[in-house]
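Below are the chains, spelled out letter by letter.
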Amino acid sequence: MGKNWRPRADLATIRLRAELLDNIRSFMKEEGVLEVETPILSPASIPDPNIHSLQTSLSEKTSKRYLGTSPEFYMKRLLAAGSGPIFQISRVFRDDATSRLHQPEFSMLEWYMPGYDHHNLMQQLSTLLISIGLSKPVKLSYEAAFVSELGLNPHTADVSELRELASKKGLYEAPAERSVLLEFLFSHTVSKKLGNEQAVLLVEYPVCQAALARISSDEMPTAERFELFISGIEIANGFHELTDANEQRDRFVMENTRRESMNLAQVPVDDNFLAALESGIPACAGVAVGLDRLLMILANKNRIEDLMTFPVELA
Amino acid sequence: MASYSTSEFKNGLKLMIDGDPFAIVENDIVKPGKGQAFNRVKLRNLKNGRVIERTFKSGDNVEAADVMDVELQYLYTDGDMWHFMDTSSYDQVAADEKAMSDSAQWLKGEEMCEVTLWNGQPLTVSAPNFVTLQITETDPGVRGDTASGGSKPATLETGATVKVPLFVEQDEIIKIDTRTAEYVSRAKD
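Taken in order, these protein sequences are the chains called A and R.
Residue 236 in the working numbering is what sits at position 236 of the first sequence, and the numbering runs on without skipping anything.
Residue 148 in the working numbering is what sits at position 148 of the second sequence, and the numbering runs on without skipping anything.
Same shape as in the complex, but just chain A (with noise of 0.2 Å):
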């Protein structure tokens, strides 16, 4: 017998854990925000072509079920019923290949403030940090960190200028779509700088990386999302969120048609997600925070595994 049956984390680690569960349950009692749960098991899914649900059936109803990436879509369902603010901490599944960073299954602390812009949620994103322990984290903007790192402006660069300096730093066959590019110069150069010193709150992103966030009508238009970054490492994603059904829906669409150009399955699309935008969601600043990377920070640990009982090399 070998000594796979014994939890990677040790008994430090799992209390942490609990530790840091019962601190955010207490601010968010605190701050007003009310607990909810979702289902794991749903009919549809995100269609965005760079996340992989994993899916089972339901032998009753004889149909497909995915296991949710998030639960951003039943959170806003509650929000259009008139829930008011809210938060969950969920298990969330993610077909992906493991690395330092990644497991197939984690834990992700999400909330919702109605009448929230995405400066407001930031604040008390930070709030939060600073009662687990953390030090309050400083705002930088995209360009800033695009530009230090890189010199290249990536609101205005040209595209032939950052598919040059994509080449040069390693990407092979650079395409010349822009957000694949930044994404690339992002994710390999400029993160890795973000948070060594000092927690960095991430914002003003480049039009083309909104996902689900507004854009704002600057004279320079950036998408009203942030990240928060500790240590290279990104914790938290949140956004001022999009609440137009037609632009969520055309959104939807387009997703479908490039899983379909890159021979993915179509993913259905949530209809009722759909109808609750229709019916009018407030609107709000929603935020999700991956816990098992907070964890790292907290216990200064290098792998995600660490901080998990069993992930899934000993599940």
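Any given hint could turn out to be false.
Straight line, CA to CA, 30 Å or less: simulated DSS-like cross-link-like pairs of lysine-lysine [as the list claims (entries may be wrong)]:
(1) A:K169 <-> R:K47
(2) R:K175 <-> R:K152
(3) R:K57 <-> A:K168
(4) R:K163 <-> A:K192
(5) A:K64 <-> R:K34
(6) R:K34 <-> A:K168
(7) R:K47 <-> R:K57
(8) R:K163 <-> R:K152
(9) A:K192 <-> R:K34
(10) A:K169 <-> R:K10
(11) A:K168 <-> R:K10
(12) A:K169 <-> R:K34
(13) R:K10 <-> A:K3
(14) A:K301 <-> R:K163
(15) R:K14 <-> A:K169
(16) R:K14 <-> A:K139
(17) A:K64 <-> A:K136
(18) A:K169 <-> R:K57
Some chain A residues flagged as far from chain R (calculated, every beta-carbon gap over 10 Å) [as the list claims (entries may be wrong)]:
(19) N4
(20) M28
(21) E30
(22) Q55
(23) L78
(24) S83
(25) P85
(26) H102
(27) E105
(28) K139
(29) P175
(30) K193
(31) E260
(32) M262
If you are wondering where the hints come from, they were derived from the structure by calculation, not from laboratory data.
Don't be surprised by glycine CBs; every beta carbon is placed ideally from N, CA and C.
For this one, chain A is given, so just place chain R on it according to the hints.
Same frame as chain A, now just chain R:
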């Protein structure tokens, strides 16, 4: 043309990059929460051994290199080329000096060698890890001196030179580790 998707990447997989055959030595996934995932890969150039780093968009396909490792028997050299044979099909291939590199000095004939073929032609040849060869020339032995740890050069029947302990005599047969080019022991008869 055969190709591999990035989802099939694993150590040892052989790919064509910029016209040269490479083997994957390390494959890391870089995946932002939203947006494109990438495979950051370290690859060894099979022609010169140099390691490079390249990043691939996850989901892309990359041309496979027609490279395989086979066990072939060394037959002889004609001075320019070294000839090998597949002992089951009796097919023969010839390796040039570049493919032989340091391996040629250990071969006298009939050894089974690991040969890396690219498009059917030898790219590299590895001598067996251990070979036994006869010493053709060395200074007279110091009888009984098995403890002092001194060494002297010895020329082998293939022409290679190795350092041997002082007590080893000319005409003796010794065992060599070809990876380090070091004397291991006297060969047992």
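Evaluation of the provided hints:
1. A:K169 <-> R:K47: Cα-Cα ~23 Å, so holds.
2. R:K175 <-> R:K152: Answer holds: R:K175 to R:K152 is near 16 Å, not above 30 Å.
3. R:K57 <-> A:K168: 15 Å, holds
4. R:K163 <-> A:K192: Status violated; Cα separation ~49 Å.
5. A:K64 <-> R:K34: 25 Å, holds
6. R:K34 <-> A:K168: 24 Å, holds
7. R:K47 <-> R:K57: 25 Å, holds
8. R:K163 <-> R:K152: Judged against 30 Å, a Cα distance of about 5 Å means the pair holds.
9. A:K192 <-> R:K34: Roughly 16 Å between the alpha carbons, so the hint for A:K192 and R:K34 holds.
10. A:K169 <-> R:K10: The hint holds at about 22 Å.
11. A:K168 <-> R:K10: Holds, because 24 Å separates the two Cα atoms, which is no more than 30 Å.
12. A:K169 <-> R:K34: 21 Å, holds
13. R:K10 <-> A:K3: 27 Å, holds
14. A:K301 <-> R:K163: Violated, at roughly 48 Å.
15. R:K14 <-> A:K169: 22 Å, holds
16. R:K14 <-> A:K139: 44 Å, violated
17. A:K64 <-> A:K136: Roughly 44 Å between the alpha carbons, so the hint for A:K64 and A:K136 is violated.
18. A:K169 <-> R:K57: 13 Å, holds
19. N4: 22 Å, holds
20. M28: It holds; A:M28 is separated from chain R by about 22 Å at its closest Cβ, greater than 10 Å.
21. E30: Consistent with the label, A:E30 stays out of reach of chain R, its closest Cβ about 27 Å off (over 10 Å).
22. Q55: Label holds. Min Cβ-Cβ 17 Å, cutoff 10 Å.
23. L78: At about 22 Å from chain R, A:L78 clears the 10 Å cut-off, so the statement holds.
24. S83: At about 25 Å from chain R, A:S83 clears the 10 Å cut-off, so the statement holds.
25. P85: 23 Å, holds
26. H102: Answer for A:H102: violated, closest chain R Cβ roughly 6 Å.
27. E105: Per Cβ check, A:E105 is outside 10 Å of chain R; nearest 15 Å; holds.
28. K139: 19 Å, holds
29. P175: Violated, since 7 Å does not exceed 10 Å.
30. K193: 15 Å, holds
31. E260: At about 13 Å from chain R, A:E260 clears the 10 Å cut-off, so the statement holds.
32. M262: Non-interface label fails for A:M262: nearest chain R Cβ at 6 Å, not farther than 10 Å.
Comparing the model with each numbered hint stated earlier shows that hints 4, 14, 16, 17, 26, 29 and 32 do not hold.
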